[in-house]
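As they're listed, the protein sequences go chains P and L.
Oh and the first sequence: position 17 is 17 in our numbering, straight run, nothing missing.
Oh and the second sequence: position 23 is 23 in our numbering, straight run, nothing missing.
Please note: incorrect hints may appear among the correct ones.
Going by beta-carbon spacing under 7 Å, a handful of chain L positions derived as facing chain P [unchecked claim]:
#1 Gln6
#2 Ala24
#3 Met27
#4 Gly40
#5 Gly42
#6 Leu43
#7 Ala50
#8 Ser94
#9 Trp96
#10 Glu102
#11 Phe105
#12 Pro107
Keep in mind that the hints were calculated from the coordinates and are not lab data.
Note that beta-carbon positions come from the ideal geometry of N, C-alpha and C, so glycine has one too.
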Amino acid sequence: AQTVTQSQPEMSVQEAETVTLSCTYDTSESDYYLFWYKQPPSRQMILVIRQEAYKQQNATENRFSVNFQKAAKSFSLKISDSQLGDAAMYFCAYRSARSSNTGKLIFGQGTTLQVKP
Amino acid sequence: NAGVTQTPKFQVLKTGQSMTLQCAQDMNHNSMYWYRQDPGMGLRLIYYSASEGTTDKGEVPNGYNVSRLNKREFSLRLESAAPSQTSVYFCASSVWGQGAYEQYFGPGTRLTVT
Chain P
1 AQTVTQSQPE
11 MSVQEAETVT
21 LSCTYDTSES
31 DYYLFWYKQP
41 PSRQMILVIR
51 QEAYKQQNAT
61 ENRFSVNFQK
71 AAKSFSLKIS
81 DSQLGDAAMY
91 FCAYRSARSS
101 NTGKLIFGQG
111 TTLQVKP
Chain L
1 NAGVTQTPKF
11 QVLKTGQSMT
21 LQCAQDMNHN
31 SMYWYRQDPG
41 MGLRLIYYSA
51 SEGTTDKGEV
61 PNGYNVSRLN
71 KREFSLRLES
81 AAPSQTSVYF
91 CASSVWGQGA
101 YEQYFGPGTR
111 LTVT
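Produce the complete structure using the sequences and hints provided.
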């Protein structure tokens, strides 16, 4: 069974600085997808970025980028030029690419990010 | 487009009471999911429905039942609520198939069982 681990329960960053959130996962599969979701105090889950395991290039979305290390089974999220609105809980999630998987997501425990003005 | 809607947003139950959480999506998605979120544990899958007419257990199905009423609606029922079911419940939907398809989440239901 696959597992996802976020070992940093809480992180803080100064506004305009850069922060990296860690995520590791365990799987025996070679094809899968990885996601980072953001959950602000409103509780709404928002997709931040996604990565296909077969792609070597790291995904980027504006100020958000990932460092995907397939051999190390690591998928960290880098937030550049942090803004007050980035304060939220961030979840790393795994999804198998096997057709029988039906799209189920496996989530990590979450990291609460505080942004200091 | 409302996306994924859930009702109610908040609910307090006494131990042993029953209730149904409603979920609907208007994005024509095949797959729908119910998760629960507990502190320090992330989101865990309770039940899912890959397509209309099918439902399957997830990681933590005990104490719950589901109904995929039609393509739009997927309800979660607690037959006899227990304090261990105090949690925030999320419904989600997505396109089914190969690809890094996003799951779209509802706003969540905060349930307290006393």
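Comparing the hints with the structure gives:
no., hint, verdict
1, Gln6, "11 Å, violated"
2, Ala24, "16 Å, violated"
3, Met27, "14 Å, violated"
4, Gly40, "6 Å, holds"
5, Gly42, "4 Å, holds"
6, Leu43, "4 Å, holds"
7, Ala50, "4 Å, holds"
8, Ser94, "5 Å, holds"
9, Trp96, "6 Å, holds"
10, Glu102, "5 Å, holds"
11, Phe105, "4 Å, holds"
12, Pro107, "6 Å, holds"
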